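Q: Each chain is listed here by its residues.
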Amino acid sequence: MLLAAATLVWLFVFCLPGDPARLIAGGRVADPDVLSAIQKEWGLDRPAPLQYLTYLGKLLRLDLGTSYIQKRSVASIIAETFPATFILAIAAVLLATVFGLGLGSIAALNRGRLLDTLVLVLALLGMSIPVFWLGLMLMLVFAARLSWLPVLGYGMEGMVIPLTSIRLPEWDHLVLPAVTLSLVSMGAIARITRASLVEAGTADFLRTARAKGAGAARVFARHALQNALIPVVTVVGLNFASLLGGAVATEYVFAWPGLGKTIVRAIGLRDLPVVEGCSLFLTAVFVLASLGIDLLYLVLDPRIHYSSTA
Amino acid sequence: MHRDDPTPRVRPLAAALLAVTLASAAVTACAPAGPAPKKEEQVFRFRLHEDPPTLDPALSNDQFSEAVILNVNRGLVELDPLTLEIHPAVADSWTISPDNRVYTFHLRDGVRFHNDRAVTSQDVAYSFKRLLRKETGSPRRFLLEPLEGAGEFIGGKSADVKGLETPDDRTVVLRLSKPFAPFLSQLTMANAAILPKEVYDDPGKAYLRAPVGCGPFRFARWEQANFIELAAFGGYYGGRPALDRVIIRMIENRASALQEYIAGGLDSLDETPSVTDTAMMEKIGKDVRKYPFIGTGYIGFNLALPPFAGNPNLRKAFNYAVDKAYLWEVLSPGGNTPANGIIPPGIPGHDADLPGYPHDEAKARSLLAKAGYPGGKGLPPIALWVNTGEDNRKIATQIQSDLKTIGVDISIREVDWGAYISGVSGTAEKPGQAQMFRFGWYLDYPDADAILRPLLSSANWGPAGNFGRYKNPAFDALVDRALSLTDPKERALLYGKAEKIAVMDDAVWIFLNYYQSETLYKPYVKGVVLSPLGEFRLPLERLRIERDAI
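These protein sequence lines map, in sequence, to chains A and B. All the letters of the first sequence, read from the start, carry residue numbers 1 to 310 under my numbering. All the letters of the second sequence, read from the start, carry residue numbers 1001 to 1550 under my numbering.
The hints are simulated quantities; they were obtained by calculation from the structure and are not laboratory data. Computed from a prediction, not measured in an experiment: that's the story for all the values here. Hints are not guaranteed to be accurate.
[Stated by the list, open to error] Partial list, computed: chain A residues near chain B (C-beta under 8 Å): (1) 13; (2) 17; (3) 254.
[What the hints assert, rightly or not] Taking CB as the label site, the calculated pair distances span: (4) B:1306 <-> A:165: 41 to 47 Å; (5) A:48 <-> B:1136: 26 to 32 Å; (6) A:4 <-> B:1112: 53 to 59 Å; (7) B:1234 <-> A:292: 50 to 56 Å; (8) B:1389 <-> A:71: 23 to 29 Å; (9) A:291 <-> B:1291: 55 to 61 Å; (10) B:1050 <-> A:288: 25 to 31 Å.
In this text, a Cβ means the ideal position worked out from N, Cα and C, and glycines have one as well.
Please build the complete structure, drawing on both the sequences and the hints.
A: Spelled out as structure tokens, the structure:
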């Protein structure tokens, strides 16, 4: 799968219009001698199949290449920017999961009532509102008007995780981007939770549990919710994986120093190794996240077994 | 809920609790906006749109990189950002031989790099050779190409540059192969910075993320896509700057940056609210500073492609059709001014009396007919290329509409910068696809040569800068001759004549605007220099913060 992804990414990047050498040279004007020297230095003058094979060869050695513009390894760029994206995605998914589950449960428990409709409308709004607009609105209200939170940024004084160079964001800087990013996923999680709970609510085992004298809270938490979690986990997992690569708009609005923004900028600058390396890295993360979801099914539902035979 | 619904029940109060918790997550944090400086510190915070592509002076070719480099590094000479005069920097004096070929620089005493080593003439020689060396890949090695023997050195035929000598530790002699009037001005550019060999010879290239220079600020840290921090250098030859720290924040989105400025997370911002945004202007309108910026905006014609090749009447017709006054006085008011030519005001050679092409629909129609396309009939499809951006789109749409009034239909092709620059410049052999393209040019130094030669000299044909592939021997001769003269008046006269040929005879572009900078500064920022070199040419060593004074 990674080979297919690597090939697709390379093809996509190769087909981008524009000459990377021009942008490496600074863009505006460039001496043709300088341009040809740059093309030679980065192998851009070689035939396309050779460029592709060189790229694959590097990948086999786990070398994601060197940025044309920053002149440093793509791995180091990922190491510097991915933690910010990861932290933002974790915070957003946590918020989305907690409140999505809560709102979905409330809707299910009040099916057909005003509260149910309200939650469904809110969920739909959360899924439909453009992140860019929502981010700006939250910024205007909570930062600009009320001054409760910082407008943007990651902060400069956050704690550095021991033995790493990863600096955590200042927590108040995290709130607005995380809430913005969480609202889309929250809507989806609330809707799927509601649907799963409603479906689980008709199951015989609930009637049995209640007949055996289990209280409403126990029936809900131990029986209904747990059985409804599998589709929810799928949605949460996929949302998390896509947030890792798809937080570009939020990173843009809140000047969040993440990987999404780095990729978009690299596309603009035709910094091909960065685009290729980061895209491939995110593909690998997505695959791993999907694997994680599959493994989580085992924990949630003991009836599920994975076997090498049919 | 149906009567027989088996779904377990919990109290609806939970719903309200959850909603309250959601809201409280967003509002419980009450922190000041932006990275707040410590009380007694002098900290200045400004914004760049994105990370500088490089902090290596030799590789720099953009204003974001220069905004940092020019405060960390110093060259032999520097340009006063306000008066645009050449001032001593690492060299405290220099002499020029009567034949204008030999420049002798005497280095200042007490200049130290940030690693505390004294700067010597050997460092100058090292830095200049590094800039010229092919392996460095500098896009601006042309600055030193006038040196005698530079070509042989670049081509690997000589290990030394013949015209670069260091007779002692404090003297540098630069000998040119022929007189080159803008040479001293070119040495003020960031690329000609003096660098310590022991740092810049590092095969691991650690200097790319931790540059060392001898400027007023030393590099402190750089967090990708977040900020760059500079700290005052106590050993700076010009005295320690008043600012203790400078924080350069990367904020791409204009609306977000404006909010951050209002909230106090920035002390300066290179963008201002629209004059029509009255609410915003009420809040920060008093902080807006407007000042001329030596640059010219234009629509280039591709003279190697039909229908513009060999048809000056058509190009003149387009010029007369575009209402530049409307563009800058009504559509985008308060900033740029309509242009009548190429050389911007303030630069010797600018001719305020050059007629240019004021809006005249009747003349446009008549010239269009004379060009062979009466009422626009017979014209092939024409595309105007712009790189992605709201302003570019607005301007292109207006030009499209203006041309429509004389019967000319053009389409607009909006593409990102990478595709745009390739589509416009083409290759050495083949012209770009773009028949018309919007471009702006900011002068690197205050000399008409800095705009006429790179953009219109046939020596810079194609990707080297003359994207429109303009070739007129009379123009070339004037620009080349001006290079070898030293009398500013005589040079200005020649540049004026060259401009007249390109504007009035050949109408090489649609001459749109002379630029104006608009920047926000908090009132407590003192010592601000509003430089005609642009908003990113900030001499940070002159700034100080006086919050108590307001």
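Q: Out of the numbered hints, which ones does the structure contradict?
A: 1, 4
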